[in-house]
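Visitor: So you can see what is in the structure, the chains are spelled out below.
Protein chains: 6
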Amino acid sequence: MDNSLFFTNNSPSCTIPNKIDKYEYIRLDKPKPGSFVAELVLNRPKKLNSMTDDFFNEFNKVWDEIQSDESIRVVVVWGEGRMFTAGLDLVSIGPLIQGDSEKSQAVQNVELFKMVRRWQSAFDKINKCSKPVIAAIHGYCIGGGVDLACACDIRLCTKDAKFSIKETKLAIVADLGTLQRVAKICGTGFAREMAFTGEDIDSENAKRCRLVNHVYADQATLMKEARDMAERISKNSALVAQSTKLILNHADDHKIDEGLLRVALHNTAFLKSDDLNEAAASFMEKRAAIFHNNL
Amino acid sequence: MDNSLFFTNNSPSCTIPNKIDKYEYIRLDKPKPGSFVAELVLNRPKKLNSMTDDFFNEFNKVWDEIQSDESIRVVVVWGEGRMFTAGLDLVSIGPLIQGDSEKSQAVQNVELFKMVRRWQSAFDKINKCSKPVIAAIHGYCIGGGVDLACACDIRLCTKDAKFSIKETKLAIVADLGTLQRVAKICGTGFAREMAFTGEDIDSENAKRCRLVNHVYADQATLMKEARDMAERISKNSALVAQSTKLILNHADDHKIDEGLLRVALHNTAFLKSDDLNEAAASFMEKRAAIFHNNL
Amino acid sequence: MDNSLFFTNNSPSCTIPNKIDKYEYIRLDKPKPGSFVAELVLNRPKKLNSMTDDFFNEFNKVWDEIQSDESIRVVVVWGEGRMFTAGLDLVSIGPLIQGDSEKSQAVQNVELFKMVRRWQSAFDKINKCSKPVIAAIHGYCIGGGVDLACACDIRLCTKDAKFSIKETKLAIVADLGTLQRVAKICGTGFAREMAFTGEDIDSENAKRCRLVNHVYADQATLMKEARDMAERISKNSALVAQSTKLILNHADDHKIDEGLLRVALHNTAFLKSDDLNEAAASFMEKRAAIFHNNL
Amino acid sequence: MDNSLFFTNNSPSCTIPNKIDKYEYIRLDKPKPGSFVAELVLNRPKKLNSMTDDFFNEFNKVWDEIQSDESIRVVVVWGEGRMFTAGLDLVSIGPLIQGDSEKSQAVQNVELFKMVRRWQSAFDKINKCSKPVIAAIHGYCIGGGVDLACACDIRLCTKDAKFSIKETKLAIVADLGTLQRVAKICGTGFAREMAFTGEDIDSENAKRCRLVNHVYADQATLMKEARDMAERISKNSALVAQSTKLILNHADDHKIDEGLLRVALHNTAFLKSDDLNEAAASFMEKRAAIFHNNL
Amino acid sequence: MDNSLFFTNNSPSCTIPNKIDKYEYIRLDKPKPGSFVAELVLNRPKKLNSMTDDFFNEFNKVWDEIQSDESIRVVVVWGEGRMFTAGLDLVSIGPLIQGDSEKSQAVQNVELFKMVRRWQSAFDKINKCSKPVIAAIHGYCIGGGVDLACACDIRLCTKDAKFSIKETKLAIVADLGTLQRVAKICGTGFAREMAFTGEDIDSENAKRCRLVNHVYADQATLMKEARDMAERISKNSALVAQSTKLILNHADDHKIDEGLLRVALHNTAFLKSDDLNEAAASFMEKRAAIFHNNL
Amino acid sequence: MDNSLFFTNNSPSCTIPNKIDKYEYIRLDKPKPGSFVAELVLNRPKKLNSMTDDFFNEFNKVWDEIQSDESIRVVVVWGEGRMFTAGLDLVSIGPLIQGDSEKSQAVQNVELFKMVRRWQSAFDKINKCSKPVIAAIHGYCIGGGVDLACACDIRLCTKDAKFSIKETKLAIVADLGTLQRVAKICGTGFAREMAFTGEDIDSENAKRCRLVNHVYADQATLMKEARDMAERISKNSALVAQSTKLILNHADDHKIDEGLLRVALHNTAFLKSDDLNEAAASFMEKRAAIFHNNL
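Just so you know, the sequences run in chain order L, G, W, C, A and B. With this note's numbering applied, the first sequence covers 1 to 295. With this note's numbering applied, the second sequence covers 1 to 295. With this note's numbering applied, the third sequence covers 1 to 295. With this note's numbering applied, the fourth sequence covers 1 to 295. With this note's numbering applied, the fifth sequence covers 1 to 295. With this note's numbering applied, the sixth sequence covers 1 to 295.
Mixed in with the good hints, there may be bad ones.
Said to hold, decoys possible - So, partial list: chain A residues that the calculated Cβ filter (under 8 Å) puts toward chain C:
(1) 132
(2) 237
(3) 271
Everything labelled a hint here was simulated from the structure, so no lab data went into it. Glycine is no exception: its CB is placed at the ideal position from the N, C-alpha and C atoms.
Given the sequences, and given the hints that come with them, work out the whole structure.
Guide: Here it is as structure tokens:
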């Protein structure tokens, strides 16, 4: 598959060949007419949306599709069935971790390393994707589910939601992004409690430590509010919303001075758009702006 | 004006020539006798303290004055009239953004870039200034107002305050510091919701996500509490309060190990002051310390 | 003593010679049979657990002991007597800061610098230690106490706890880690209020700004809950809990991409342990895992 | 094409779709039987191997092929005809730079930016590719040719070779990697002379400032020596040679301490290979090692 | 004077008030008609161009003038009289280093620190200035002279030139930039030999280790060649030459990936200039380009 | 042994317990009366000074001794017998690399990782040691010998010296510092040729690419010149020479702006020494300075 995963110091970015014709573990609901909001559904409800190697391949692929589809401006991610996700499918994944004992240790480990990088790539693409992504979480969000959710921009959940860095209890260091991202979201005190205990955090604590932005009574309300927020975001200039995500990502990893230079150059290069004119015109005419610009 | 703004990879730092005799868009109230607290007032209430190019020039200049005035140890920033600020004055600023279409694109863009860097400099000086700065916000704090507030050290507000990264709705990537600073204050989840929606955050949410430290019932209470906190800070050693801000700024942008070395060197060089002796003496004598040291 | 402290750009790491036979200012309670939880007690209650130069030497030494003792997997830090700690013992420490005026200024300052680095080392070892550390704080946690607490992983406190960066009032820039760590825990707004005022933060505000994870009614409850959390953490795989702390520490100081590469390499090298097998087996057998692995 | 190029803060990495069936501007000579050395030939000699947009597309694509082809372990890059390359083909590229004036400036600039990133990607892939790459340069190496050569690992040239950062004379800031890499190769003094003057550097100066490792009398000797060095490198363990390039790339961009940790983890994970055993066995048996391992 | 020097973590950048009417220690020869090359002369030949506090004030000021003077595109720095410079004027500077013993140590040290930062600023402005700077060095270049020369872009010298980091012999750690820059120019092996011995390096070794680009027989030849190189550089597009210096400065301090993004944004924003058109036209018309653009 | 080696993201720094009474693989010749120059001799000539695990333990220990011994100001490292060193002793080290196959892979790898970190520590201490270190190399300097030499400050060699990154040929990625340091010394072009080929570099090429500062005819001349340079360095102020090494180390890993701030703080804290006065006095009195100051 993607041989280059082994040989880079940069972010893992996996290219999946075209053999995936349609998705089995996920479902991409394209925007309805008049809308720019797509929905990405974890779609293996009988297995509690647990994650297999094929799931990660599909997930890698779908974000390339989302990035390049100009009809999509905002994405809502949610899970079909009883819960958001139960995390890794240990039955399916166990043998992959164990490897082929007939090969030398180096070769086994190259394969293990590439697999971890490929899985990291699947979730990291949520963050690298320029389009705002909202996670709408109901029920359990376990292990790999927290890695997935932390890579999204905004997390919303139901009152009965529960989050856990379950990897700890399984004698695995969580390696798909949670440990890199959770302290930036929750502060380092809560992050360490979650990571060392591996225990459930309920929605009240999740809200208090800001793991989620808002908590809603039930899944119906959650989905309504998540879709509503997504629609409102999608009404803003796509060029600007996507540039803003890019600049926010940059700010996460750079000094303030570097960020100021970055955004000044960015606006110098890309400010003068039709959208800017439409925003000014609609402001003067006291009407809603309609941004046609696609990137 | 300041030609060097184009040519630096560092923080934008703009030097405004002496042509500004007195301020028109702002007002600097020097400390009253016995006090070391200055107040910087956004002072264009009829236009809702909206920001023009001249405003940014004055703002650049006033912080040089604040930094070098030894009678000032702490600053409170607030807005005259109905609100803190409505942000950029689009009518006045629109043509500046559009530029002079008779010039080549490179020259237009050099001018645009220098303007953005000059405006960034105006707010960045709040942060670079060694003196603690408290923003006291009532009513709306819109667009550039959030950039300004985020560059302050401490934010306090009234119950009716509302904050929005309005630039998003105007098809502009917020470029005066908000996107670089807001996640460090609020966590990245709330920051992204604010930035992608461009919608109002009320004081309750602002407190919950820690955009503000405290919320007060009305402007009178807000100003009383802001001034009181400023007075209490100004009673501490000026050398130490200002060094502390410097070290906190450093910590924002450096690894912990680097910060530990930095502060150890700092104290080795600057610890043995009259203030240290006065603090020890007053502690033994169980009286309030009076720090005469000015920097 | 440790001459190398002067000559490094890295973290201060002080090696204390073997002259310390037993501890006087602290007490290390080794794990009871069947437990892996040690308790490190600030043990100078008559002097409110205030900190002398000898305290820092003992503290440097005890963390070397904790790191190398395989019977210890988690540590709870608490204070004997009326409070957690009153911070630096100014009477004892004042002359050390003043130095020997007969020496040249450079030599005095080399000695002062080495002392500050040695003290920094004492608290930094809490963070560098791979074992999760919980601070259980009752009553006052003043000055150096906040530096100590911020270096721990998780902070719990009683309802009557109070925190202050008291150094500011003593005309000292807090230099034992607080200023480097507090904004990462509390956000920069609260951190600056605490640092500039030097005033007490009560437990309610400490919880709101996430300086502490949880607040308990009294010391008895606090200790019970802290020990309980420690026991639960210690039941997880020691290899994984300690690796997780290492990866979280790395994430605090690195870009997300660097962190993803780091954890992928880490798991490739160290995943295939007995603990992994035991976790899988116990999961299948629906029983509690028992991890024998020590590092 | 590759929409994601606009939206990343990372290295530009362009994926070219499969529409390129065979190469027109370049030629990839696969290894001959018994060899692991491929040759990548700039193959537009009538136009002095000057670079068009299609050239960059092919160049992007060929490095994906090189990376994933296990029969290739080392690459030699050279130019067909009178010279290595005359750099950008201004006639073909001029209109692309000018853009479509009917579009808004933002859209024109997005297209320009993506094009520059795509071209950067083409040369950056030489460096990101794990396989050692030797540039064998005869005659002129102009403008984009220097960007290309600087991205290679080792540069060899003929006595009559001449190098110039010609972009400067064409009123273009060299933007395909030269300015980022040349000071690391030549030291900053020579780099600046080359960049500011845009003038030719002859082979003697190129050797003196280490832009090239060795100078040979004529192209025949150059090619013989380049191929010979490539063959010798390809006889070493492919896993180790490629890991070494990865670690050297990492070292270019990281502190020494970070690099030491990186290589220690790398070897812990990937040391125990068949190649290690073969190296040891052949050393004992005093024979040449034969490494079968492919990555 | 400039109070802000104490309070920044960034590059020292000193603003000197307008009290300096004309220069006494230096001389700025503006470009002659038809030329864009200025000459900055160290002009205290009776004292071997040694450096006093007033010298540094003038030096700080002259670079502001050079940066903002559009008639200047390139600068040559040289010394009047027997040598380039003998470095610091110890007689004049000794008392400033000793300080006023009646003040507290902290206040003395604040003054010492500000002075060092002001002197650093004087030489750092050579590097921060966007205009290419050539140092033409004859005879001795001692102590502060090496700091000065290392901040220039290109160093040329006479056969009899000698360089020494003399501070080491004077029991001073060289603190005006040499130690930060010399290894980037010379490699760390030579840099350490120079720094630890404090001994003279002759022109042959200086050329070998690339401290200088070229060596000329005598001062007349040196000046002719330096001016000639400066004229040739000044014939290139000023926008591009200055942007190139900016990008090279950025590359010195950033990872390659960051630099590639930086230059791609820079060219997107600033490429489309009159100079680009003039370069293309002159290329087609096979004539020398004449660039009118000033920044 | 040192358990903390596994758990740090910082430089590997290994503490060896006191069980080593005298050295077997090395010899530390303390300074002769009147001298401050120690000599560290690789002292296993019958085995070509090849390196065993015990060698690394002794090497770790001796640098702690060197750092803390105030009678030592400069160190010369050389090899007894026919050559500097043949690198790793494969016979002795092979089994250590292979590990104990009865343990789980994670435990084997933890042991391997700790061993590599301990060996890295041994050579990294040369660099972290504040005292200037000169490597005097005769004959072969192979594999680990290059790691050792690159960690020294200055490298001198005989005409017959040969250097090779032999690890490559042994199917090992060189992991004791060479790959992190060699490009900073030699430039990246030569570094990659050496690393990919694993072949010998002779003294002429080593001088040309600046791997060594100077080449001498034979070992007698080499030792005379190395000792002479060491004596001259040791006559300078020890405080300043050691501070200079610290600042140069810092400069290797930091931006120029950071370095300028660092050295300004350093001199503010540590400038006013007896050595400064002695240097000034001896300068006025035109006599050699005698620096008594020890750190």
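Visitor: Hint by hint, say whether it matches the structure.
Guide: Checked hints:
1. Proximity of residue 132 of chain A to chain C holds as hinted, the smallest CB-CB distance being about 5 Å (cut-off 8 Å).
2. At about 4 Å, the closest approach between the beta carbon of residue 237 of chain A and any beta carbon in chain C falls short of 8 Å, and the interface hint on this residue holds.
3. Here the hint on residue 271 of chain A is kept, as its CB sits about 7 Å from the closest CB of chain C, short of 8 Å.
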